[in-house]
Structure formats: C-alpha cells, structure tokens
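Enquirer: Chain order of the listed sequences is P and G.
Okay, so the first sequence: first residue is 391 according to our numbering, each after it adds one.
Okay, so the second sequence: first residue is 19 according to our numbering, each after it adds one.
Derived from the structure by calculation, the hints contain no laboratory data.
Some clues are possibly wrong.
Residues of chain P clear of chain G, computed beta-carbon distances all greater than 12 angstroms [claimed, not checked]:
{"no.": "1", "residue": "Val-480"}
{"no.": "2", "residue": "Met-487"}
{"no.": "3", "residue": "Phe-494"}
{"no.": "4", "residue": "Ile-511"}
{"no.": "5", "residue": "Val-548"}
{"no.": "6", "residue": "Gln-596"}
{"no.": "7", "residue": "Thr-635"}
{"no.": "8", "residue": "Glu-701"}
{"no.": "9", "residue": "Leu-715"}
Within a straight-line C-alpha distance of at most 20 angstroms, the following computed EDC-like cross-link-like pairs (lysine to aspartate or glutamate) qualify [to be verified]:
{"no.": "10", "chain 1": "G", "residue 1": "Lys-119", "chain 2": "P", "residue 2": "Asp-436"}
{"no.": "11", "chain 1": "G", "residue 1": "Lys-118", "chain 2": "P", "residue 2": "Glu-525"}
{"no.": "12", "chain 1": "P", "residue 1": "Lys-532", "chain 2": "P", "residue 2": "Glu-477"}
{"no.": "13", "chain 1": "P", "residue 1": "Lys-629", "chain 2": "P", "residue 2": "Glu-614"}
{"no.": "14", "chain 1": "P", "residue 1": "Lys-621", "chain 2": "P", "residue 2": "Glu-525"}
{"no.": "15", "chain 1": "P", "residue 1": "Lys-435", "chain 2": "G", "residue 2": "Glu-21"}
{"no.": "16", "chain 1": "G", "residue 1": "Lys-202", "chain 2": "P", "residue 2": "Asp-436"}
{"no.": "17", "chain 1": "G", "residue 1": "Lys-71", "chain 2": "P", "residue 2": "Glu-478"}
{"no.": "18", "chain 1": "G", "residue 1": "Lys-175", "chain 2": "P", "residue 2": "Asp-436"}
{"no.": "19", "chain 1": "P", "residue 1": "Lys-629", "chain 2": "G", "residue 2": "Glu-21"}
{"no.": "20", "chain 1": "P", "residue 1": "Lys-435", "chain 2": "G", "residue 2": "Glu-183"}
{"no.": "21", "chain 1": "P", "residue 1": "Lys-435", "chain 2": "G", "residue 2": "Glu-187"}
{"no.": "22", "chain 1": "G", "residue 1": "Lys-26", "chain 2": "P", "residue 2": "Asp-436"}
{"no.": "23", "chain 1": "P", "residue 1": "Lys-661", "chain 2": "P", "residue 2": "Glu-583"}
{"no.": "24", "chain 1": "P", "residue 1": "Lys-528", "chain 2": "G", "residue 2": "Glu-186"}
{"no.": "25", "chain 1": "G", "residue 1": "Lys-202", "chain 2": "G", "residue 2": "Glu-186"}
{"no.": "26", "chain 1": "P", "residue 1": "Lys-435", "chain 2": "G", "residue 2": "Asp-192"}
{"no.": "27", "chain 1": "G", "residue 1": "Lys-119", "chain 2": "G", "residue 2": "Glu-186"}
{"no.": "28", "chain 1": "G", "residue 1": "Lys-150", "chain 2": "P", "residue 2": "Asp-436"}
{"no.": "29", "chain 1": "G", "residue 1": "Lys-26", "chain 2": "P", "residue 2": "Glu-618"}
{"no.": "30", "chain 1": "G", "residue 1": "Lys-119", "chain 2": "G", "residue 2": "Glu-179"}
{"no.": "31", "chain 1": "G", "residue 1": "Lys-119", "chain 2": "G", "residue 2": "Glu-184"}
{"no.": "32", "chain 1": "G", "residue 1": "Lys-29", "chain 2": "P", "residue 2": "Glu-525"}
{"no.": "33", "chain 1": "G", "residue 1": "Lys-150", "chain 2": "P", "residue 2": "Glu-569"}
{"no.": "34", "chain 1": "G", "residue 1": "Lys-122", "chain 2": "P", "residue 2": "Asp-491"}
{"no.": "35", "chain 1": "P", "residue 1": "Lys-661", "chain 2": "P", "residue 2": "Glu-672"}
{"no.": "36", "chain 1": "P", "residue 1": "Lys-621", "chain 2": "G", "residue 2": "Glu-21"}
{"no.": "37", "chain 1": "G", "residue 1": "Lys-122", "chain 2": "G", "residue 2": "Asp-192"}
Residues from chain G that face chain P, not an exhaustive set, calculated with beta carbons under 7 angstroms [as the list claims (entries may be wrong)]:
{"no.": "38", "residue": "Pro-115"}
{"no.": "39", "residue": "Phe-136"}
{"no.": "40", "residue": "Leu-141"}
Note that the coordinates shown come from a computational prediction; the quantities given were computed from them, not determined experimentally.
We put the CB at the ideal spot given by N, CA and C, even for glycine.
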Amino acid sequence: MIAKLVKAYSVVKGEFNVQELAKNTTTQVTVTESKWIRAKKLIQKDWQLYSLLFLPIIYFVIFKYIPMFGNIIAFRRFIPGGSIFGEEWVGFYYFQMFLNDPTFFLVMKNTLILAVLLLVITFPAPIIFALLLNEVRKKGFKRFVQTTSYLPHFFSMVVVAGMVLELVALNGSINNLVEFFTGNRYSFIQLPEWFRTIFISSDLWQTTGWGAILYLAALTGISEELYEAAKIDGANRWKQTIHITIPGILPTIVVLLILNIGNFLNVGFEKVLLLYNPLTYETADVIATYVYRIGIQSASFSYGTAIGLFESIIGLILVFGANYLSRKITDSSLW
Amino acid sequence: MQESIQYKIFKVFNVAILLLIVYVTLYPFINIVAQSFSSEANITAGNVNLIPKGFNVETYKVIMADSMFWINYKNTVIYTVVGTVISLVFSTMLAYPLSKKRLKGRNFLVMFVVFTMFFNGGLIPNYVLINKLGMANTMWAIVIPAAISVFNLLIMKTFFENIPEELEEAAIMDGSNTYGILIKIVLPLSLPILATMMLFYAVGHWNSWFPAFLYFSDKELFPVSIYLRNMIKGAESSLSAGATSADNLNQISSNIKSVTMVLTVLPILCVYPYIQKYFVTGVMLGSVKG
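Looking at chain P on its own, in the form it has when it is part of the complex (with noise of 0.2 angstroms):
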C-alpha cells in the first residue's frame, strides 16, 4: 500500500516536473499554486470520469456515512419523528444505563462465547476441509465434493434456520437418532444449554465448503518443485503438508484471520434472531439481538445505539488491533 503510494506520488511528480519545465516557471508561490490550477484543470478536461462518481458518493455519504454520524443518539436525548441526530446532549447517561443493566451482560457473555467457538472451530474448519480436499487426485471426485459442500452457502438464512428447526423438531431426523439411541425425544430448540451446538454446527455446515474456496486457490499456488524437492529429502506427506503447504497458505489463512477478529462480535444476528425463543434467551441472546428488542420493539432508540456503538468501537479496535499485529509478526496484513 505504501509503496503503491510512494509511486503513485513519484508520477505525479514526474509530470508536474515535465509541465513546469515546459512552462518555464520559476518562481515558488506560482509553482504551489500552479498545482492547484492543474488540479482544476485535470478535473475539468476530465469531467466525465469525476462525473461518474457523484452518485455512488451521495450514496456513500447519506446511507453509510449519516447513520455513522447518526451514532451521536448515543450520547443525546432522542423523539421519534424529531432530529435523527438527537435533541439534547445527556452525556454518558446511555452508557451508564447498560453499564447497570444485568442483561447487558449475559448478552456480552453470550456473544463472548458465541464469537469465541466460532474463531475456536468454524474459523478452522475450512483449512481443515481444503486440505483433505487437496490429497484427492482424482478431478471429478474432488469437484462434486467441493460444488456440494458450498451449495448451502447460497440458501437464505430463513431457509437455513427453517431447515435447522426441522431437524432438530421432537418429530425431526435428529430426534429420530436420538431415540434410536436413548429411547427419549428433546425439544432442543427450547433448551437453553443446546442452543451453542445447534449454533455452531449450523455454522459449520453452511459455510465451511465456501470457505475452504481461497484455501483451495491458494493450494493450486504453491509449487510443484517444493514438493518435488521434499520428496528427494525424504519428507512424506504429512511432513510435506507441515513444512510446504501450511506455510504456503499461511498468508491467506492471516487476511482471512484479521477479517474475521473484525467481525469478532457480530456473531450471525440474523440467525439468532431466526432460531432463538424467550425460553433459550439465556444463552442465546447476543448483543446484537438485545440491540434489536430494546431499540426497535422497545422504541428505546438512544439507548440501543449506545449498546449498539459500544460494540461497533470493540469491532474496530479489534480489526485494528489484529491488523498491527499480523504486521509485525508475520509481515501480511490488510492494509
């Protein structure tokens, strides 16, 4: 990115130089202000390609950049039908308001444990499956597997959660297993301490194939003469995957890594939202669907933005955070 910068800037120069050169320009203030006529002038002979950026920008600027500012309900007394940007300031009352709220921190609780079995083995399991993936020789074979393990990745969640209630009905397959074995029928969707499997292994199932996607293109990368080499050293296969093709897919695993500690927090509120019941509340309800109840169905809009922001600033922290990290440990990062 820098270097990209560096030389993006170099050019500029270079041009400016050549056109300063022709124009025999001396002085220092018309050299400065020169840049800005040149500017100018850039912008209008090429009107047409700034002119393409005006409504994508408008765009930006009222339907991602105004609700970010919007944010500021947080710390404002909010009407409905009033400023979106609230009516007067009330400080950090919001702040304190969930800070005493017993539910703020089962939901925090909740998301904490959500977010870290889905870093712990959904995060994994798409490394794992491109690798299995990978000691197949045989095309075909390889080809169907992979086609049908993203194909749920294309199904609404509404389906997605339809199907998981299905299965895990009294009357469901699942019970059906589970008789077989046990003689007893659960409700599982109504209890509470099988929320996080249920949860987890939906994960797992609908989004493990798509993922194993950039793993798979990253394994089509690596070299042949590498393996070659490794197998004239006397390394087998395990050894060749330890040594050759983890490292070669590291750089992938790590973007993918700072991407998803992005969005540490934001655990599928979508599909809470689908699956969970007042009775599975205590351990299903995550921030982002508490936000929902308190700011929308409870019209208690300043302070669901409060929780809401607090958890968007975590978001970034983080996304920063494990950014600088990966910088300095193993030299890929996003930016």
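Go by the hints and put chain G onto chain P.
Expert: Just chain G, lined up with the frame of chain P:
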C-alpha cells in the same frame, strides 16, 4: 515415487470423510424435500428421514393456490431484478473511476469506501434514517441501502485495473470520451466480471429478509422470505412481541413449512449447477488483491 502404506490408508479414510461431508451437507435438504411430499401423520410420527412416507402432493397444490404466496414471490423477483440493476450500475460507476491512477484523491476515496467495511452506522441509526427518509414500506428501503457491497466493488476495481491501458488510449485517439470508452470498450471486455457481480448481487437480494422484516408492515410488500419466516416462526404477525412463544412453534405443520422452503430454494437450485463456477472465479478474483 512409492506411496507409503500409511498414506494409502489415509487416502481411504479421506475419501470416506469427504463422502460423509457430502452426505451431511445434502441431508437437511433431502429431508425437507422428503417431508414436503409426505403426509403430516407420518412426519409427526417421526417416520420421515430421506424418503417420503405417505406420498402427498396436496400441500403443494394448497400453497401454490395461495394468492399471498404468489404476491410475495413476485415481490422477491421484482426486488431482485431492480436491486441487481441498481447495484450493478452504482458499482460500475464507482469502481471504474477508482481503477484509474489519474483520478485525483483516489487513495482517499478508496479509504472512504473501505472504512465502511469495518465501521458501520449500526442497526438503529440506519433504521431511524430510513424512516426519516420516508422509505419504510417502499421497495427502496431494501434495495437502495444494499446497493453497493464494498467487497464486490473491490473485486470489480481490480478487474478494471487489469484492462490494458493501450486499448483505452487507442479509443481516445479515435475521439472517444470517457463515457464512450466505458460503454464501448471497458464494459464489453468486463463481461465475465459483470456476470459474476450480477450473480453475487442477485443471490444477495433474493436471499435478503432482514431489511424487509424491519421496514415492511404491509403484507402485500413482503418478499417470499418473510412469508416463510412468519411461517417457521409460528405465523404470528411479524412485528408483534418479536420472539415467538414456545407454544406456537409447532402451530404450522412441518409438511407446509417444508413445501414452502422447497418452493423458495427451487430457483436457486435450478441455476446453481450453471452459476456456481462464476461465484468461485469471482471469489478468486477478489483474492488476487485484497
């Protein structure tokens, strides 16, 4: 090179594991199809796993005769088409200038756009804004805010950057302006990426449900995903108490839910074999430069 005996054993296990993964991946879907063709009595008795029991197509007839189902289905098609067109136009309009090194403030604009990937307004400020703009209960509430996906935009920008500069220079010599170059040269050369983007956006819009759930109270506007959502969550009105009470989770029969699910995913399933390779190329293009 001779393969060790351990490696041969591993390979047998590997194939077995992968076949198991395929089975587990397909199982929920086959189960739903089997339930959709079964009698409710057999489902309740826990007899239906992979094969329909008590063959029944009546439910398909009932659902397909429900006018609300078709109104919602039609809405999904309209939202998908309109949303995809808007997304493609907006993404191209932004990705093309950003792919040009000569653009002043390019690095700033890229940062301006990418930052929204890591920090967004959050649920409530967005909700407040959409209501303030009077977009609630209109199609625009769901198609406009989702118009540009930054991830897709970056894929597109990378693709445009790799189009040889000489082609465009030649067109400038022939007297083409920027619009002309974009329409006559760049876009025809970008058909593969446009097709991929179209599919990415179309599947996104087809599967979207939460914005509609948030902003629509009028049943006539619901996409089919909300029709299904209300069914699986026990058919209470979508914006009432929110979470479902445990009693009505089983109010609507598994058979009816299964039929609706099958009908909802059918279009995706029909095109899936043809389009999946474009998705894979799309993701890989994106990975070339993050």
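Enquirer: Going by Cβ atoms only, is Leu-141 (chain G) closer than 7 angstroms to chain P?
Expert: holds, 6 angstroms
Enquirer: Are all C-beta atoms of chain G more than 12 angstroms from that of Gln-596 (chain P)?
Expert: Label violated. Min Cβ-Cβ 9 angstroms, cutoff 12 angstroms.
Enquirer: Would you mind confirming whether the straight-line C-alpha gap from Lys-29 (chain G) to Glu-525 (chain P) stays at or under 20 angstroms?
Expert: holds, 7 angstroms
Enquirer: For Lys-661 (chain P) and Glu-672 (chain P), compute the direct alpha-carbon distance and say whether it is at most 20 angstroms.
Expert: holds, 16 angstroms
Enquirer: Please verify whether Lys-119 (chain G) and Glu-184 (chain G) have alpha carbons no more than 20 angstroms apart.
Expert: holds, 14 angstroms
Enquirer: Compare the distance between the alpha carbons of Lys-629 (chain P) and Glu-21 (chain G) with 20 angstroms, and conclude whether the hinted pair is satisfied.
Expert: holds, 14 angstroms
Enquirer: Sort out whether Asp-436 (chain P) lies within 20 angstroms of Lys-119 (chain G), counting only the CA atoms.
Expert: Distance ~13 angstroms between Lys-119 (chain G) and Asp-436 (chain P) Cα, so the pair holds.
Enquirer: Decide, holds or violated, for the assertion that all CB atoms of chain G are farther than 12 angstroms from the CB of Thr-635 (chain P).
Expert: Consistent with the label, Thr-635 (chain P) stays out of reach of chain G, its closest Cβ about 14 angstroms off (over 12 angstroms).
Enquirer: Is the Cα-Cα distance between Lys-435 (chain P) and Glu-183 (chain G) 20 angstroms or less?
Expert: The hint holds at about 18 angstroms.
Enquirer: Report holds or violated for the interface hint on Phe-136 (chain G), using the least CB-CB distance to chain P and a cut-off of 7 angstroms.
Expert: Result: holds, 5 angstroms to nearest chain P Cβ.
Enquirer: Restraint: Pro-115 (chain G) near chain P, CB-CB cut 7 angstroms. Satisfied or not?
Expert: It holds, given that the least Cβ distance between Pro-115 (chain G) and chain P is near 5 angstroms, below 7 angstroms.
Enquirer: Looking at Leu-715 (chain P) again, its CB stays over 12 angstroms from all of chain G?
Expert: holds, 16 angstroms
Checked against the numbered hints listed earlier, the structure breaks hints 5, 6, 8, 11, 12, 15, 17, 22, 24, 28, 33, 34, 37; every other hint is satisfied.
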